[in-house]
Amino acid sequence: MQAADHYFRAAEIVPQSAVDQRAKYKRNAASALYSQAITFNDQQSARRAVETIEQGVLPLLPRSSSAKAWADAQRSLGTYLFYLGTRDVPGALERSLVATTAALSVYDQQQDRREWVFAQIDLGNGWMALGNRGMPGAFERATTAFSRALAAATP
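In the numbering used here, the protein residues as written are 312 to 466.
None of these hints come from the bench; they were simulated from the model.
A quick note: this is a predicted structure, and the numbers were derived from the prediction, not measured.
For glycine and all other residues, C-beta sits at the position ideal for the given N, C-alpha and C.
The reader is advised that the hints may include incorrect statements.
[To be verified] So the derived label-pair ranges between C-beta atoms look like this: (1) Asn-352 with Ser-328: 33 to 41 angstroms; (2) Glu-405 with Ile-349: 18 to 26 angstroms; (3) Arg-424 with Ser-346: 22 to 30 angstroms; (4) Gln-354 with Asp-331: 28 to 36 angstroms.
Between the sequences and the hints, there should be enough to build the whole structure, so can you do that?
Shown next, in the form of structure tokens:
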């Protein structure tokens, strides 16, 4: 049995009322799937990671009551979609930017500095990838995101 399967099983056996714990196990399952995708160049595992976040984690974490956890899940979703997008899955890069931007709408540059900086870097990477594919204005947007990350990370 793989790590992701163990996390999925754990999410099934915790009480329905333990929403945060169920979401954590499902998010860990998605992370294990993503690790498998990277290790074995396995797009199917990456697709399952995306599906797990979209259908298993985000519905448990409404932005209105779990904003930080929701943002973290959105950032993970963006990372998984970026992986797929760099492997030419149609629309994945654009969706990764949407998810990362959603995370940034919650992260506070001062209070969540680390997450905010890394999300800006993720955004920059997404725009760079789209620029490399010829999208007009993408390199400028990448530069803006990287500049914001650098400014926030430099004391």
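Of the numbered hints stated earlier in the document, which are not met by this structure? none
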